[in-house]
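J.: What follows is the residue order along each chain.
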Amino acid sequence: MNLVVMEKLNKRFGRLVAVEELNLRVREGEVFGFLGPNGAGKTTTMKMIAGLAWPTSGRVLVCGHDVQKQPRAAKALTGYVPDRPYVYEKLTAREFLYFTGGLYGLGGRQLEVRSREMLELFELERWTEELVESFSHGMRQRLVMAAALLHRPRVLVIDEPMVGLDPRAAELVKKLFRQIAHEQGGAVFMSTHTLEVAEQVCDRVGIIDHGRMIACGTMDELRGQAGTGGGENLMQLFLRLTEQQHGGGEARNAD
Amino acid sequence: MLTDLRVFWHVLMPKRLALLRAARGLPRSPFRNGTFLLLGGGCVYGIERLSAWFLQKCMEVELVGPLIPRKLLSLLLMVVLAVLGLSATISAFSTIFLSDDLDPLVASPIPRGPLFYARALEAAVHSSWMVFFFTMPVLFAYGRVYSAPPAYYGWMAFVLVVLITLPATAGIILATVLTRLFSARRSRDLMTILVVVGFVALYLIIRALRPERMLEEDSFGSMMEFLGMFRTPESPYMPSFWAAEVLYASLRRVPVPHLQLFCLVTCAGALVAIAGWTGSLLFPAAFSRAQQGRSRAVGTTPPLRGRLLGRWLDAPAALAGKGWVFLAKEARAFFRDPNQWLQLLLLAALAAVYVLNFYYLKAARFSWYVLYTVNHVLLGLVLAGIAVRFVFPSVSMEGRAWWVIGTSPIWMGEFLHAKLLVHLVPTCTLAALLSAVSCAMIGVPIFFGALSVGVMLLVGWGISCLAIGIGAIWPRFKVENPAKIPTGTGGISYMILSLGYVMLMLLASVYPGMVFAQWPKRLENPIPHPGWFWGSIAFMAVLQVAATWLPMYLGKRRLERFEW
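First to last, the sequence lines map onto chains A and B.
To get the working numbering, take the position in the first sequence, counting from 1, and add 31.
To get the working numbering, take the position in the second sequence, counting from 1, and add 4.
One chain only, chain A, in its complex shape:
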């Protein structure tokens, strides 16, 4: 089953084309890596999945719900982690989770237990009653991830998950992504510039440049699309594919 579907997705800001004719499907049980140079359209695409930006044309479906037409149903099944973890400074970590949980309809004992689980998982239990304003970037990032997973989303949309995380937290997050996709049957849609992480964690990778998908598939499929013999790592493939694109290579969209 496809948990995220993008059909002929376009996004323009005035004359600037941020995303162009993007067709993509992310399946159940899949960690999908969304890669691309700066300004390629990754964050805009993720915001359209999360309902923070509206497509100029085309549509995004999350678990079969159109994000524009049925935003509440789509959002209820999505967890979103932005590239910069801005949170309410005057709430404590626990209160932030309670607030977020409340927005997703959680409450009572269920919310209390789940919040405690998440705080323990992300090693924030010592700081439960601390105001968020005193948190470091990494602690905020962990808190935002805890909030995104609180309601057990089927789709996790996560923009630059490793920024600000210490090695221990980064390992935890990688393990968690695999667990969500492979054990719980969800889908993780992540963008990252850390290509080693993408190579380790992602089942499939899509590379976007100038708003267009230039390659998409497993590592072997990417090698085929790049026209290489084999053995190249993701970094080498990424550089080759984006260079081809800048050299006038054919753009292609992929399912």
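These are calculated hints, taken from the structure and not from any lab test.
The structure presented is a predicted model; accordingly, all values stated were derived computationally and were not measured.
Each statement offered as a hint is correct.
Within a straight-line C-alpha distance of at most 16 angstroms, the following computed EDC-like cross-link-like pairs (lysine to aspartate or glutamate) qualify: (1) A:206 x A:234; (2) A:205 x A:230; (3) B:488 x B:104; (4) A:121 x B:341; (5) A:121 x B:484; (6) A:205 x A:191; (7) A:100 x B:564; (8) B:482 x A:120; (9) A:39 x A:52; (10) A:206 x A:61; (11) B:488 x B:126; (12) B:488 x B:402; (13) B:19 x B:126; (14) A:121 x B:334; (15) A:205 x A:234; (16) A:121 x B:402; (17) B:19 x B:484; (18) A:39 x A:97.
Assemble the complex: chain A is given as a structure, and chain B must be docked to it using the hints.
T.: This is chain B only, laid out in the frame that chain A set:
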């Protein structure tokens, strides 16, 4: 020197470009710009006409009439001086020491002097443009009433700029010294308290004059007593006095007094020089000091405040749902931020001053009906003013954490209704309380008192909806300082629309009020002008529905399609 000027100009580049971009973007939406131009122009024109009418009335008072506008001019400029001094100090903390974009500038190899001057200019412009906007039409009204020569308008612009420079630079010097001595966070809290004290002091100074006596010919024992009143509390050493003298002379086509002009210009020049000297001497150390208090270290959350607003607030969420979740978050954010709750002191002072005002006015032997009408108008204006500070920024204060709301499965109407509920209760309570107490002070008959409370509850409701709705139509999530939220297009639109709403609502309630007051007789006799009566009621109903439903609906639509 040339390098310093270049750096100064360069540091201002982001602001200059933003202004240019805004100006270039104007022709793209002619309808919106036309509406704003019309509303803004109408507001300026209204202030000008109202001021001219009032000045004309003052001039008509026998014997002392011509003296009153002169005194009022001096008072107006004194108020401008005081208000700007306070707002410039608070603005200086945010702009010169606490702004996020300062870090790369301070880390760059540019001289500190021009950086400080550029930021000081920004703080001065930011704190004074609105006062400038509202003072100009009053001064234009003086020009109209006195049939002033063209030179007056030149002097007016010059004097106003020089006068604004004085409190702005004084505020910047004070902020710099305070930040050097204390942390910026504490200094800002301290200043908020000082604003309250300053506000009350300013009121007491003006109140001590009992300006209402100016319009009463027989309230003074002698002409000398009347003239004596005009001397206090003004001092010939105050810049507002110098500015008023220069303007008054140019109004009457007599040569401007050189001494006062000299004092005004040299004083402004001296303050600019002192501000520069203070900046070059203290800015690096003060900036460093400001960073210490900028954020709290982990493990230092005050336990008491945490307990007071802790778990017990979460308990009702299971029953009350999302509305309570928002309420709990708002309460915590408000009471844990001293900048927010300290303003409750200002609100309390404002309420006390308001009620005290009517005590003085009653002593001045005005008829109760005049005071009742004045009370209605003032109360509406006070409520609109309070709402622009407390209610209007509510949506924008979600700040950069807006994505939490934007990505959650809630109906935007729920979000706006929760915001409205949080602010509706205190606004309407305040409206009813102030109305009831001031009516009691005036000695209004019980029926009119009840009518006043009813109308004010409607007005409080309408104003809250306008503030939340317009705040959602023009959200400013990325503004660092909450005090800056109402200074944008949305804030001005809200002020203009809320003032219009208050005035129309109160005007429409006059005739039905008069009819209701004679209700027992009306059972026997028909209403003299039933068309007027029912027309007014229908107009009030339509206006109330428009003020409550329309902005909330448009705000909801805007947030549903808001792009982050």
